[in-house]
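Based on the provided sequences and hints, a complete structural model is requested.
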Amino acid sequence: MALPTIAPYELPTPRSWPECRARWTLEPSRAALLVHDMQAYFLRPFDPSASPLRPVLEHVRALVGACARVGVPALFSVQPGEQSRDERGLLWDLWGPGIVEHPSLAKLGLDVGEIDADALIPKRRYSAFFETRLHDRLRTLGRDQLMITGIYAHIGCLTTAVDGCMRGVQPFFLADATADFSREDHEIALRQVARTAGVVLTTSDALRALEPSRGEG
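Going by full-length UniProt numbering, the sequence shown opens with residue 1, and the numbers climb by one from there.
The reader is advised that the hints may include incorrect statements.
Unchecked claim - Quick list of in silico lysine to any residue cross-link-like pairs, SDA-like style, CA-CA up to 20 Å:
id, residue 1, residue 2
1, K107, L120
2, K107, A119
3, K107, D47
4, K107, I121
5, K107, D93
6, K107, P14
7, K107, D118
8, K107, T132
9, K107, P28
10, K107, P48
11, K107, D136
12, K107, A40
13, K107, S84
14, K107, P80
15, K107, P122
16, K107, R61
17, K107, D144
18, K107, Q83
19, K107, Y126
20, K107, A2
21, K107, L90
Just so you know, the hints here were simulated from the structure itself, not pulled from any lab data.
So this is what it looks like as structure tokens:
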């Protein structure tokens, strides 16, 4: 039931997903960024020197930096290092105790500087919306678009995208700022989002939308 060891794979390219059914445009005044579950425990199965993890970390850091420059809020979902079996629910049956066995690995596994406590979203299920304060936080911030980055693409990231769509939050799923168990699993998530729940885009696409004039001249 433990997490698998994840072999390196090349990140998907735009040819990996179909044309998105949604025609939404990413708008900095409406958007927030979610860095989903990028805790040391969940990063541990990857080779840190190889794709997908190495470029994904670079892309997430670039997005966090761009959001800070233009005033787009960045939020970070995290699973608590201490959870009872009841709190973990059926995920215990599927994955075992998980992070509960390794509470020291609950810390974020990427360096993006100091993170305000209000930006942390504790969660205990796949979706970062389920029984958390994420939706209320987005409402307070006046945001109805959510850029989704992090891990794992076909589990928590996908579930969060679908849940957000059902709540009236437009998901923007970053194909090359998410990672998964395999390229096949990763592409499954991208196809599902594109067909049913949101917009799939690249980090370059998002950075151009956030800072259209950066690098010009």
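### Query
Under the criterion that the straight-line Cα-Cα distance not exceed 20 Å, is the pair K107, A2 satisfied?
Roughly 19 Å separates the two Cα atoms, so the pair holds.
### Message
With the threshold set at 20 Å, check whether the alpha-carbon distance from K107 to P28 stays at or below it.
### Response
28 Å, violated
### Query
Do the alpha carbons of K107 and P80 lie within 20 Å of each other, as the hint requires?
9 Å, holds
### Task
Take a quick look at whether K107 and D144 sit within 20 Å of each other, Cα to Cα.
28 Å, violated
### Query
Is the Cα-Cα distance between K107 and D93 20 Å or less?
24 Å, violated
### Message
K107 and P122 were given as a pair; does the straight-line alpha-carbon distance stay at or below 20 Å?
### Response
12 Å, holds
### Query
K107 and P48: Cα distance at most 20 Å?
Measuring from Cα to Cα gives roughly 16 Å; hence the hint holds.
### Query
Quick one, are K107 and D136 close enough, alpha carbons at most 20 Å?
24 Å, violated
### Task
Would you mind confirming whether the straight-line C-alpha gap from K107 to A40 stays at or under 20 Å?
Holds, because 6 Å separates the two Cα atoms, which is no more than 20 Å.
### Query
Does K107 pair with D47 here, judged by a C-alpha cut-off of 20 Å?
18 Å, holds
### 20 Å limit on alpha-carbon distance, applied to hinted pair K107 and I121
Holds, at about 13 Å.
### Query
Can the restraint linking K107 and Q83 be considered satisfied, given a maximum Cα separation of 20 Å?
15 Å, holds
This entry does not satisfy hints 5, 6, 9, 11, 17 and 21, going by the numbered hints stated previously.
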